[in-house]
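A.B. asks: So the chains spell out like this:
2 protein chains.
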Amino acid sequence: MKTFSFTIKSQLANSKARVGTISTPHGEIQTPAFITVGTAATVKALTPEQVEGVGAQAVLANTYHLYLRPGEAVVKKAGGLHKFMHWQGPMFTDSGGFQVFSLGEAFGKGISKVATGDEGKSSVNERMSQAKKAKITDDGVTFYSHIDGSKHMLAPEKSMQIQHALGADIIFAFDECTSPHAKREYQEIALERTHNWAKRSLVEHQKLNTKQEKYQALYGVVQGGQYKDLRELSATTLGNMAFDGFGIGGSFTKDDIATAVGWVTDILPKDKPRHLLGMGEVIDLFEGIEAGIDTFDCVSPTRIARNGTVYTKAGRVSLSNAKYAQMFIPIEPDCQCYTCQNFTTAYLHHLIKAQEMLSATLLSIHNLYFVTHLVDDIRASIEDGNFKEFKSQFLKVYYK
Amino acid sequence: MKTFSFTIKSQLANSKARVGTISTPHGEIQTPAFITVGTAATVKALTPEQVEGVGAQAVLANTYHLYLRPGEAVVKKAGGLHKFMHWQGPMFTDSGGFQVFSLGEAFGKGISKVATGDEGKSSVNERMSQAKKAKITDDGVTFYSHIDGSKHMLAPEKSMQIQHALGADIIFAFDECTSPHAKREYQEIALERTHNWAKRSLVEHQKLNTKQEKYQALYGVVQGGQYKDLRELSATTLGNMAFDGFGIGGSFTKDDIATAVGWVTDILPKDKPRHLLGMGEVIDLFEGIEAGIDTFDCVSPTRIARNGTVYTKAGRVSLSNAKYAQMFIPIEPDCQCYTCQNFTTAYLHHLIKAQEMLSATLLSIHNLYFVTHLVDDIRASIEDGNFKEFKSQFLKVYYK
Numbered sequence: 001m002k003t004f005s006f007t008i009k010s011q012l013a014n015s016k017a018r019v020g021t022i023s024t025p026h027g028e029i030q031t032p033a034f035i036t037v038g039t040a041a042t043v044k045a046l047t048p049e050q051v052e053g054v055g056a057q058a059v060l061a062n063t064y065h066l067y068l069r070p071g072e073a074v075v076k077k078a079g080g081l082h083k084f085m086h087w088q089g090p091m092f093t094d095s096g097g098f099q100v101f102s103l104g105e106a107f108g109k110g111i112s113k114v115a116t117g118d119e120g121k122s123s124v125n126e127r128m129s130q131a132k133k134a135k136i137t138d139d140g141v142t143f144y145s146h147i148d149g150s151k152h153m154l155a156p157e158k159s160m161q162i163q164h165a166l167g168a169d170i171i172f173a174f175d176e177c178t179s180p181h182a183k184r185e186y187q188e189i190a191l192e193r194t195h196n197w198a199k200r201s202l203v204e205h206q207k208l209n210t211k212q213e214k215y216q217a218l219y220g221v222v223q224g225g226q227y228k229d230l231r232e233l234s235a236t237t238l239g240n241m242a243f244d245g246f247g248i249g250g251s252f253t254k255d256d257i258a259t260a261v262g263w264v265t266d267i268l269p270k271d272k273p274r275h276l277l278g279m280g281e282v283i284d285l286f287e288g289i290e291a292g293i294d295t296f297d298c299v300s301p302t303r304i305a306r307n308g309t310v311y312t313k314a315g316r317v318s319l320s321n322a323k324y325a326q327m328f329i330p331i332e333p334d335c336q337c338y339t340c341q342n343f344t345t346a347y348l349h350h351l352i353k354a355q356e357m358l359s360a361t362l363l364s365i366h367n368l369y370f371v372t373h374l375v376d377d378i379r380a381s382i383e384d385g386n387f388k389e390f391k392s393q394f395l396k397v398y399y400k
Numbered sequence: 001m002k003t004f005s006f007t008i009k010s011q012l013a014n015s016k017a018r019v020g021t022i023s024t025p026h027g028e029i030q031t032p033a034f035i036t037v038g039t040a041a042t043v044k045a046l047t048p049e050q051v052e053g054v055g056a057q058a059v060l061a062n063t064y065h066l067y068l069r070p071g072e073a074v075v076k077k078a079g080g081l082h083k084f085m086h087w088q089g090p091m092f093t094d095s096g097g098f099q100v101f102s103l104g105e106a107f108g109k110g111i112s113k114v115a116t117g118d119e120g121k122s123s124v125n126e127r128m129s130q131a132k133k134a135k136i137t138d139d140g141v142t143f144y145s146h147i148d149g150s151k152h153m154l155a156p157e158k159s160m161q162i163q164h165a166l167g168a169d170i171i172f173a174f175d176e177c178t179s180p181h182a183k184r185e186y187q188e189i190a191l192e193r194t195h196n197w198a199k200r201s202l203v204e205h206q207k208l209n210t211k212q213e214k215y216q217a218l219y220g221v222v223q224g225g226q227y228k229d230l231r232e233l234s235a236t237t238l239g240n241m242a243f244d245g246f247g248i249g250g251s252f253t254k255d256d257i258a259t260a261v262g263w264v265t266d267i268l269p270k271d272k273p274r275h276l277l278g279m280g281e282v283i284d285l286f287e288g289i290e291a292g293i294d295t296f297d298c299v300s301p302t303r304i305a306r307n308g309t310v311y312t313k314a315g316r317v318s319l320s321n322a323k324y325a326q327m328f329i330p331i332e333p334d335c336q337c338y339t340c341q342n343f344t345t346a347y348l349h350h351l352i353k354a355q356e357m358l359s360a361t362l363l364s365i366h367n368l369y370f371v372t373h374l375v376d377d378i379r380a381s382i383e384d385g386n387f388k389e390f391k392s393q394f395l396k397v398y399y400k
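Residue numbers (this note's numbering), protein chains in the order written: chain A, 1 to 400; chain B, 1 to 400.
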């Protein structure tokens, strides 16, 4: 059976930042690494070769979306996610917990991330506002599909069964993500449930994993909201379970991230990889890595691309602005991505104005290249020992 | 100055079908050839490399669309269409006449082709139904933009100026396309106008062409509706002018094409290339080539792809049908296109259902490969002398 391992190659002095290698049955991930999101078994608007071309090492797909459509049985019959979507490298699937949270307490509060973007967020929101909210019990979560309103149940065992059918290299325990608006009492109850679900996920996973040719690694998901003692309790509890790595979940405000992540990484076993779920803005990457994070996933690079926005070293730029109509140079003249090597900003502006699909493709390529290579550069700076200088210089220009 | 030429390499016995080479400043086109449409300086949902990958020899962009957005001045400043859109091979631009026709008499009669597809046909139709229709005089056409309702004028001189600014290798004289519903009296008036506009286009073109480094070839556009004598008059009149080739325009019913094209190709100079404007269904390709057509352009392959429909040897197939949800083989197992080499029908069905942009890309690749290679196969069958057998066998299966 092909297995999973994590090796730390170097560690920055006086810091938790580290460089390592995650080995999976589908290849290695050099960490820290940005993991590209491919929600519905496709990185939106890109072929797998284009995803490879931006330097992506791995793709994360969403259990919730794939469970509803096309259904995990179809993916399994297709030979698993890798074969289904023609991606040969390492893959992650999340637990479905975050989406279910989005359909429950979080719904309509600006923290939901369920709409897949291209089918029209407004029509999904309209459907959802008429539907019933998700209900959470100790057994699991009953929820209503954002696609057709049909009723479903997700629980730790079910999430494991789905993720084993999908066949990603790294999968996550089913967890309850809480709202930052929830009271302390609720956070305590939810956390205990998350820990019980972690145990149940592990039991089900171990049962299922023996039957497979290729080992799937299971990450536990640390929760605990904005409370230090709950985060520490979660890290301690999960850290003592036989997980292959750890996700850090939750819906924080930006300023919390480094602090909340720091509480957790002080406690989690040093020799296991840590993944920060759903975060990947420039500041998150620097702060997260400094706090001991190894991998990240985030929809931003492709989502903002579809809205005509790109990352540049000087911050985000909306290319639909009229001032770009006659800018006959690339987005960033020194960028080595396919888009910057072959197209001018004026052309991209034109594609956006004409609502041409190619704009989503070309801007996604640039943005994924930008974020992926930024993390590559951070990795190199840790190895070279000049992380702090790199961070301060990069952020000074980016957030100027 | 790099110039333009057309050489006939072989001619099918007892037929007008022929094999040749069009040489342009940006390379050769082996004819007969299917020319891929790239309306707004982009083949929808594809990178130029993907367009090259399907075997496309040339791309046709639309003068009307590019005049309105981004404007020919922007394209010229960018270094011309080739550089602007990063397509190195031969390019055509049409005259704008067809789109202006779509905004006038044809509007709302199911023969308009103005909406670019992705910005929502319904919203364009709504805008248009509130706008004024195009007005045609001997000077030119006054029309209202489908984008913002602004007023514009296109005339032979203006169309030439725009097409010279865009810089395609093969451009078309400004013509008046008539509705098949128009009376004979109107067809006569319109045809005389088209001939006068052809002369004016030629004069303006010759003036502009001397200033350029790379020769742009000008095709006259034969009109005349469904009337044999008018078509013959048009072919004779334009055939005697100094055009580099000829377009055959008009809005016919399917059954007319071979007949109407035949009237014209009997008269047009044999040694100049003929392009059938806006037609490219399977039957059109066989009938057109047999009637002496050298090149075709048509939006169908990419347009139907965006609606989830593909060409197969057994006819068109809509992949959104539930019966494809678990078909774990390519669209056509013996197809050598990128899509069929790497993805199953079940995956494409999933992408369509999830409204993922990648479905437009993958289906467009398959459809353009299908049509482009079908014309390649027809070309080979002419050279091998077995065109008639190939045609009858292919059509028997395709339209079974």
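The hints are simulated quantities; they were obtained by calculation from the structure and are not laboratory data. Take the hints with a grain of salt, since some may be wrong.
Pairs involving identical chains hold if they fit within one copy or between any two copies, as the list cannot separate such chains.
[What the hints assert, rightly or not] Simulated pairs of lysine-lysine, DSS-like, Cα-Cα distance not exceeding 30 Å:
#, residue 1, residue 2
1, K396, K135
2, K132, K228
3, K353, K151
4, K214, K272
5, K228, K353
6, K158, K353
7, K353, K76
8, K77, K323
9, K199, K313
10, K388, K9
11, K2, K135
12, K2, K313
Since the model is a prediction, treat every value here as computed from it, not as a measurement.
A.B. asks: Now tell me, hint by hint, if it's right for this structure.
C.D. replies: Against the structure, the hints:
1. Taking the closest pair of Cα atoms, K396 and K135 never come within 30 Å of each other, the shortest separation being 45 Å inside a single copy and 58 Å across copies.
2. For the identical chains of this complex, K132 and K228 are neighbours neither inside a copy (33 Å) nor across copies (66 Å), given an alpha-carbon limit of 30 Å.
3. In this homomeric assembly, K353 and K151 come within 30 Å of each other (Cα to Cα) only across copies, at 19 Å, whereas the closest approach inside a single copy is 40 Å.
4. Taking CA atoms no more than 30 Å apart as the test, K214 paired with K272 passes inside one copy only; the shortest distance there is 20 Å, against 63 Å between copies.
5. Proximity of K228 and K353 under a CA criterion of 30 Å is satisfied in neither setting, with 47 Å inside one chain copy and 43 Å between copies.
6. When the C-alpha separation of K158 and K353 is checked against a cutoff of 30 Å, the pair qualifies only between copies, where the shortest distance is 24 Å, while the shortest distance within a copy is 44 Å.
7. Taking the shortest alpha-carbon separations for K353 and K76, only the inter-copy value of 18 Å comes in at or below 30 Å, while the best intra-copy value is 40 Å.
8. In the homo-oligomer, the alpha carbons of K77 and K323 lie at most 30 Å apart only across protomers (15 Å), although the nearest pairing inside one protomer, at 50 Å, exceeds that limit.
9. Taking the shortest alpha-carbon separations for K199 and K313, neither the intra-copy value of 43 Å nor the inter-copy value of 54 Å comes in at or below 30 Å.
10. Only within a single protomer do K388 and K9 lie at most 30 Å apart by alpha-carbon distance; the minimum there is 19 Å, versus 68 Å between protomers.
11. Taking the closest pair of Cα atoms, K2 and K135 never come within 30 Å of each other, the shortest separation being 38 Å inside a single copy and 72 Å across copies.
12. In this assembly of identical chains, the alpha carbons of K2 and K313 never lie at most 30 Å apart, being 40 Å within a copy and 42 Å across copies at closest.
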